[in-house]
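So the protein lines, in turn, are chains A, B and C. Position 225 of the first sequence, counted from 1, bears residue number 205 in the numbering used here, the numbering being contiguous throughout. Position 267 of the second sequence, counted from 1, bears residue number 274 in the numbering used here, the numbering being contiguous throughout. Position 123 of the third sequence, counted from 1, bears residue number 640 in the numbering used here, the numbering being contiguous throughout.
In short, the hints are calculated from the structure, not lab data. All residues carry an ideal CB built from backbone N, CA and C; glycine is no exception. Any given hint could turn out to be false.
[Unchecked claim] If you anchor each label on the Cβ, the simulated ranges turn out as follows:
no.	chain 1	residue 1	chain 2	residue 2	range
1	C	Pro542	B	Ala414	37 to 43 Å
2	A	Pro111	B	Glu373	51 to 57 Å
3	C	Glu668	B	Lys11	34 to 40 Å
4	B	Lys11	C	Pro542	20 to 26 Å
5	A	Pro111	B	Ala142	42 to 48 Å
6	B	Thr326	A	Pro111	39 to 45 Å
7	B	Ala142	C	Tyr561	49 to 55 Å
8	B	Gly158	C	Pro542	48 to 54 Å
9	B	Arg145	A	Thr20	54 to 60 Å
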Amino acid sequence: MPKLTIDGKAVEVAAGTNLIEAARQAGIEIPHYCYHPGLTIAGQCRLCMVDIEKVPRPQIGCNTLATDGMVVHTGTERVLETRKSIMEFHLINHPLDCPVCDQAGECWLQIYYMRHGLYDPRMTDEKVHKPKAVPLGPHVILDAERCILCSRCVRFCDEITKTGELGIFHRGDQSEIGLFPGATLENKYSGNVIDICPVGALTDRDFRFQVRVWYLDTARSICNGCARGCNIEIHTNRSRPHHNQGRRVARIKPRFHADVNEWWICDAGRYGFRGIDDPSRLTAPMKRDGDRAVETTWDDAIGTLAQALSRHRPEEIGILASPQMSNEDLFLLTRLTEHLRIVNVDFRVPPRTPGDQDDFLIRADKNPNSRGAELGGVVPGAGGLDAGGILKAAARKQIKLLWIFHHDLAQSAWPETEQRAALEGAGLVVFQGTNGNPGSARAHLALPSAAYAERDGTFTNFQGRVQRFRAALSPLGDALPDWDILARLGRTLGASDRAFTAERAEQVFNALAGSVTRFAGMSYRGLGDAGQMVKS
Amino acid sequence: MTEKIFTRNFHRADSHTLSVYRETGGYTAVAKALSMKPATIIEEVKKSNLRGLGGAGFPAGVKWSFIPEGSPAPKYLVVNADEGEPGTFKDRYLLERDPHAVIEGMLIAARAIDSRLGFVYIRGEYVQPWRIFSAAVREAYDAGLLGKGSGFDFDIVVHRGAGAYICGEETGLLSSLEGKKGWPKIKPPFPAIKGAFGQPTIVNNVETLAAVPHIINRGALWFSGLGTKTQGGTRLYSVSGHVVSPGVVEAPVSITLRSLIYDECGGIPNGRRLKAVVPGGSSAAILTADEIDVAMDVDGLKDAGTMAGSAGVIVMDDTVSIPEALMVVARFYAHESCGQCTPCRESTGWIYKIAHRIVEGKGRKEDLDTILDVAKRGAGTTICAFYDGAVGPYISYVEKFREEFEALIRSGNGA
Amino acid sequence: MSDVRNPAFTPLQLAEVRRLQALYPDPRGALLPVLHLAQETFGYISLEVEQYVGALFDLTPAHVHEVVTFYTLYFRAPKGRHVVSVCHNLSCHLLGAKTVIEHLTQRLGVEVGATTADGRVTLLTVECLCACEQAPMMQVDDRYEGHLTPEKVDRILEGLR
């Protein structure tokens, strides 16, 4: 493990560590554009130059490996002047688009100019002009003038998605990134080039002109689009409700996790937040009154459901739980079904179209917590019916209370006739979920769930990793987390388990960790940002 | 009189053919070299003080010794025939008039570095030289000097470029040979460790290799004695511009620039006076008429603040406008910048715009200091030496002829 | 019928492509030679030719396009039956390249970069062709023509059909 000194600080690093990473470990930032730890070294931007003792000229830090005894200086007069020069070179042909560029506020030309430039510009000749506002694909739009030709996007498409759509054409200051004429940037990870582009050359079409980034708040969360559980940040706009068309969630960005998603996220996950602010959100408990759905109070809704659950025999109750639910939600559900001795419980509703899967991030299971449901025992008890059985039994009126969590039955593999028969057969249909759907519209009781972005909780991904997600927003309207709805139900039904007294998701998790051996010893603090694997 | 080594066959009819080459002892050196130990060959070439003749002037024997000894990886010998430095044309003469000298040099170099596969990268515009050289390679194959069964089993692939000066840069050439844009590679790793197709590679200039058979046949001491203390031999000077007799001149590396211009090339025509000389291809800093008493070897010219480079000598008389010359040269560097790294990509275009504006009469007071400052800030920061080559003329033309620039700016419309 | 819109090499040419690819440790090394072959065959490198050649090398069209747009000898639009490339670099400039270029634009009736209406000549200016001893000079198709005067230029043009 080489031991080197950077700006007087001694630091020991793993063999094969370059100076940018070594400096990072020492708490020192070496500015750079083209370097990205997930991509091969390009050495093109020349911004990361540092002075190394016994080496006559400054060297780029990205392509220099730390060696034992190396002494590096990142703040010499020469390094600072070189950085200033490199900033000038980068800005010679750069258009002054800041007032209309989405990148403003998180643009690395702006940031590094303020930190390392601060010179008086002297380029007064005509700048090179290139195509602007060119859609490359459904998600990405290119401004070739703003591009600093760091080649990160080209390397991403070559090395990560291996689709090779992007290239740098021509040469000299006529160099231009782009697609082969007539082609589109359509791979399933295209949005990642927006993240890695240091400037406003590649920007997000969905986010374009919606809201300035300095108005955004951020929360660390987990994507609910599939069983991988990519780590994300949810960026919300709460202070400017007249921007972004009033939507609260502005965008999702991936968060680095070495063992789950590295730096990346698929496009489906990146843009999978639209349901959170969609008009189809259920925002208040609804009760059927004849042909209409009528808003009611939580007390009324909980009371009604509690009565119904007590009134029916356990074998007359069928519950379609959902792998969209968190570990906390599912734990309280199993506590409730134990209390009520309900055995017809299952989370496995077959999807109509099999999910796509690749050898990168995308998992066929489009739910974030199937593993959690499985480990939590959200499956039929002894003699109980599975999901398909519950559906058929409801059609035959043997299931009289059908409680559906989150599922849109129209998206299931079950034939439409069977779905309808089930919904019509069960005497009482309860829907509990975030967004309304045709099935939920026919429910006798609809309970609004808070979206994952509106609460704390944990999902267990396909690897068995338990990961925390944190609330980015308050629940919409009167929506409540599923565990909270179930806790109220439990209390109303007189269940004695202390878990039902929980007022925070963490308390439910602690109860879960205390009862389920696979989760033994876990806590929110222990999970941190890296999560923990379930015990084997 | 100077012994002619490189040019000894140039004026013979059919000098490009195997039979004529053999008449003057061709392919005897390689027979000798194949019985020498590779390390011995490298020592001889080191002792000869043969310096690279493409532009960088790096000691050839030392470069060969960078190949890791005993490495099981395939090693490649690549000949840089992408002659492109403005003012230089001597490799073209070698390719057309003495291709077998290059082939024989390749064979000896291949023996030294344990290579069985050589590539000759010829610039795309050199169609005639490519045809002649390819025919010579075929002759060598037919005569059993190349390929399987020749004893050493060395293969040569002749590869045409497609028009890019940067492919004359060692690693730009390798990228192009690999079927990509001619983008120079970041170093380390250096080509001797990881070069063409990721394998240990030596890149040598055409002329450098053409010297090797002579060194083997007549000894390192003889070759080194022809030159200076730090550079052996003669070399080919390409002389053009305002001289009576432009052309290829073979002379010892110790020759002075004055002698080259006036003794070898007949001096300045039309009764004009010398104003300036570019001594080593356009990337070399310009010399004024007072600075031509300098020896034209690598270290002599380096000490004089310029470089021997490709030995392309461009002579300018007193009718020449140096600001125009700068514009022409700046246009060249802007056009040939590969665009890979930021300082070169952005500033070569900008400096051309400034130089063009000055020539058009729209120069501004601050333009000259801008050119100098931008050039000095960019020097040494780039992936390859192309930009440093551009900086040579940018700085030397403006510094040494500043008054001429200032007069033009003053008399123009720009403020 | 194979042409620049529907390019296809003959079986003989495909065998040549494979032969070239086998010469290099990585077959991609044959890309520049094969692009030269394609240009000779189809007249210029159209986007369809880029896609066709890319398939022969297992390269995405974007990466072929990178190579084609980088090098000056690949034409991406139809060119004249003859290409006249006049050097405008330093030695040629010193010895009257400007005059030669002006003379050519006049004689041919086109700007630099354009092709005569009858498709006979494409006129280009280029950087150093490394024939400075013959300055001012130009490349006409495969050969160099130097020591140019307006008269010599006219004689050369006359010989171009």
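Checked hints:
1. C:Pro542 / B:Ala414: 37 to 43 Å: violated, 57 Å
2. A:Pro111 / B:Glu373: 51 to 57 Å: The hinted range 51 to 57 Å is violated for Pro111 (chain A) and Glu373 (chain B), with Cβ atoms some 32 Å apart.
3. C:Glu668 / B:Lys11: 34 to 40 Å: Cβ of Glu668 (chain C) to Cβ of Lys11 (chain B): about 36 Å, so the range 34 to 40 Å holds.
4. B:Lys11 / C:Pro542: 20 to 26 Å: The hint (20 to 26 Å, Cβ to Cβ) is violated, given that Lys11 (chain B) and Pro542 (chain C) are roughly 38 Å apart.
5. A:Pro111 / B:Ala142: 42 to 48 Å: At roughly 46 Å between Cβ atoms, Ala142 (chain B) and Pro111 (chain A) fall inside 42 to 48 Å, so the hint holds.
6. B:Thr326 / A:Pro111: 39 to 45 Å: With Cβ atoms ~44 Å apart, the hint holds.
7. B:Ala142 / C:Tyr561: 49 to 55 Å: violated, 28 Å
8. B:Gly158 / C:Pro542: 48 to 54 Å: violated, 23 Å
9. B:Arg145 / A:Thr20: 54 to 60 Å: Cβ of Arg145 (chain B) to Cβ of Thr20 (chain A): about 40 Å, so the range 54 to 60 Å is violated.
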